[in-house]
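Participant: Please build the complete structure, drawing on both the sequences and the hints.
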Amino acid sequence: MEQRPLSFYVLAAFFALFVLFLYGPTITIGILSFQGPEGGLTFPMNGVSTYWFHDLFREQAVGDIWGAFRRSFLLGLMVMVTTVVVSVSAGLAFRKNFKGSAILFYAAITSLVIPSILISLGVGLIFNQLGFKVHWATSGFGSQLTWTLPFGLLIMFAVFNRFDKSFEEAARDQGATAWQTIRFVVLPIIAPSLIGVALFGFTLSYDEFARTLLTAGSYNTLPLEVFGMTTNVTTPVIYALGTLTTSFSLLIIVAFLLMVWGMNIRRRRAGSDAGKGV
Amino acid sequence: MTRNLIGWLQAAPLALVLMGFLVAPIIMIVIVSFWGSTEYSIYPAFQFDNYSYLFASSVVWRVFGATFKYAAIVWVLTLGIGFTVAYFLAFHVRSLTWQIALFLLCTIPFWTSNIIRMISWIPFLGRNGIANQTLISWGVIDEPLEWLLYSDFSVILAFVHLYTLFMVVPIFNTMMRIDHSLLEAARDAGATGFQTLVNVIIPLTKPGIMIGTIFVVTLVMGDFITVRFMSGSQRANVGRLISNDIGLLQYPSAAATAVVLLCTVLLVIGILLRFVNIRKEL
Numbered sequence: 063m064e065q066r067p068l069s070f071y072v073l074a075a076f077f078a079l080f081v082l083f084l085y086g087p088t089i090t091i092g093i094l095s096f097q098g099p100e101g102g103l104t105f106p107m108n109g110v111s112t113y114w115f116h117d118l119f120r121e122q123a124v125g126d127i128w129g130a131f132r133r134s135f136l137l138g139l140m141v142m143v144t145t146v147v148v149s150v151s152a153g154l155a156f157r158k159n160f161k162g163s164a165i166l167f168y169a170a171i172t173s174l175v176i177p178s179i180l181i182s183l184g185v186g187l188i189f190n191q192l193g194f195k196v197h198w199a200t201s202g203f204g205s206q207l208t209w210t211l212p213f214g215l216l217i218m219f220a221v222f223n224r225f226d227k228s229f230e231e232a233a234r235d236q237g238a239t240a241w242q243t244i245r246f247v248v249l250p251i252i253a254p255s256l257i258g259v260a261l262f263g264f265t266l267s268y269d270e271f272a273r274t275l276l277t278a279g280s281y282n283t284l285p286l287e288v289f290g291m292t293t294n295v296t297t298p299v300i301y302a303l304g305t306l307t308t309s310f311s312l313l314i315i316v317a318f319l320l321m322v323w324g325m326n327i328r329r330r331r332a333g334s335d336a337g338k339g340v
Numbered sequence: 005m006t007r008n009l010i011g012w013l014q015a016a017p018l019a020l021v022l023m024g025f026l027v028a029p030i031i032m033i034v035i036v037s038f039w040g041s042t043e044y045s046i047y048p049a050f051q052f053d054n055y056s057y058l059f060a061s062s063v064v065w066r067v068f069g070a071t072f073k074y075a076a077i078v079w080v081l082t083l084g085i086g087f088t089v090a091y092f093l094a095f096h097v098r099s100l101t102w103q104i105a106l107f108l109l110c111t112i113p114f115w116t117s118n119i120i121r122m123i124s125w126i127p128f129l130g131r132n133g134i135a136n137q138t139l140i141s142w143g144v145i146d147e148p149l150e151w152l153l154y155s156d157f158s159v160i161l162a163f164v165h166l167y168t169l170f171m172v173v174p175i176f177n178t179m180m181r182i183d184h185s186l187l188e189a190a191r192d193a194g195a196t197g198f199q200t201l202v203n204v205i206i207p208l209t210k211p212g213i214m215i216g217t218i219f220v221v222t223l224v225m226g227d228f229i230t231v232r233f234m235s236g237s238q239r240a241n242v243g244r245l246i247s248n249d250i251g252l253l254q255y256p257s258a259a260a261t262a263v264v265l266l267c268t269v270l271l272v273i274g275i276l277l278r279f280v281n282i283r284k285e286l
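Residue numbers (our numbering), protein chains in the order written: chain A, 63 to 340; chain B, 5 to 286.
Keep in mind that the hints were calculated from the coordinates and are not lab data.
It should be emphasised that the depicted structure is a prediction, and the values quoted were computed from it without experimental measurement.
Each hint can be trusted.
Coverage of chain A stretches by chain B, computed from C-beta distances (three or more under 8 Å per stretch; other residues unrestricted):
id: 1; region: 77–89
id: 2; region: 180–189
id: 3; region: 308–319
Ideal Cβ placement from N, Cα and C applies to all residues, glycine included.
Facilitator: Encoded structure:
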């Protein structure tokens, strides 16, 4: 193997610092959330305990953490399923170059770059003027879709840019209908990417703050609850909550990655046997 | 004909969501920006008061200036860091497995909560935080630095922390598609590593840089929560003007500011999009 140049080590050190910069703060509050009951918001550690985690569920003053978590989880699932279905459908549409597709594409880009607070404000105003009540499952749900759908769509573009059309032609030549081609050829091939879209849909929704701020109504989602806590809680209980939600996010990410990994393994086993014959 | 019809049917769900929750809200904001308001209520009208107030106020101009300042500084920093990280991953890490693993390591924080990532800076930057304690124990300073938390410094630090990923991912994506024989050709033609970087890699990475720029600039310009939280409400940007007006129930004034902000952002994006074809680059 070729000798590594000096620049490699310099860049590797830079990269290591970057990773430390990314993860350092999160790890710090992870440690600080195990502060002793007398401990404060920063080091030194005043003993080690799980006091603040218990405190999180004990104290009524902290707010309705469980309720907020349940709502965020449910909303995340709703947004995830919708994002996958709508993105795939739109991705298929954009392959056809239908009339007006450029306008829809620019609308999706606008949806991606528009300041989140505008969506919050606009949707809130509409519901207000029409006399509807804002609720996380209606106005909140729709507002979050304006953030997750463009991501889903961009991923679908990336997927279909790399998609080998000869698979579809082969299916058609064998007499498959348009629906059968999609169901038995296209969807299985793009399945791992769909897991990616699902991961985006769920996590972006689960962590979304600005777009739900004015559209969630009287029942808070978890990020709104956390933000509320930052203004009036001055104990490590907020670190405990941060540690818990981050752990949950990591759990979700690992689960999705394992799913992709498992799918790829199964596929390799069931895939082509080219080159293995002789 | 049927192709267009099927295309529209498949695109209809997306179109409906965007109509209901993107286009309609924008129209609503534009309408309300001409309305009037009292202390407790808003009423339909067609007046330019909100806009004339907006453009006459020197505070508003300063706040717009501050917003551009944040965007510019954060852009330079995220571009520098993001490019370096992506360059390392794409050209110095040799096995694909390691490339994917390290890339995932960089992207995982993107899928966790921004608010919690902001909160996690407090034990670092506070008056008795880790940074101050370390600097004092090293004898670099005698008294805790006051400007670490609740200042422009902490705002920019948090922006860079949150948004560098948006540079790394698209730049890495374009770099991975650069044909390595081009780099060999450059070396064979006698280019040094630095010349290859400047004359071959950077021009070929431009689309990725543009996409990253679009993300970072729009996220910073549209932000209100990072500035509010990391500056302890001591700094302002346009997003905060809007959210303050909302807090005071001054929706028409908030809407007018929002319209001006949206036009500014779209103008910037319009200029950037002239340099890149997003659909081709993914």
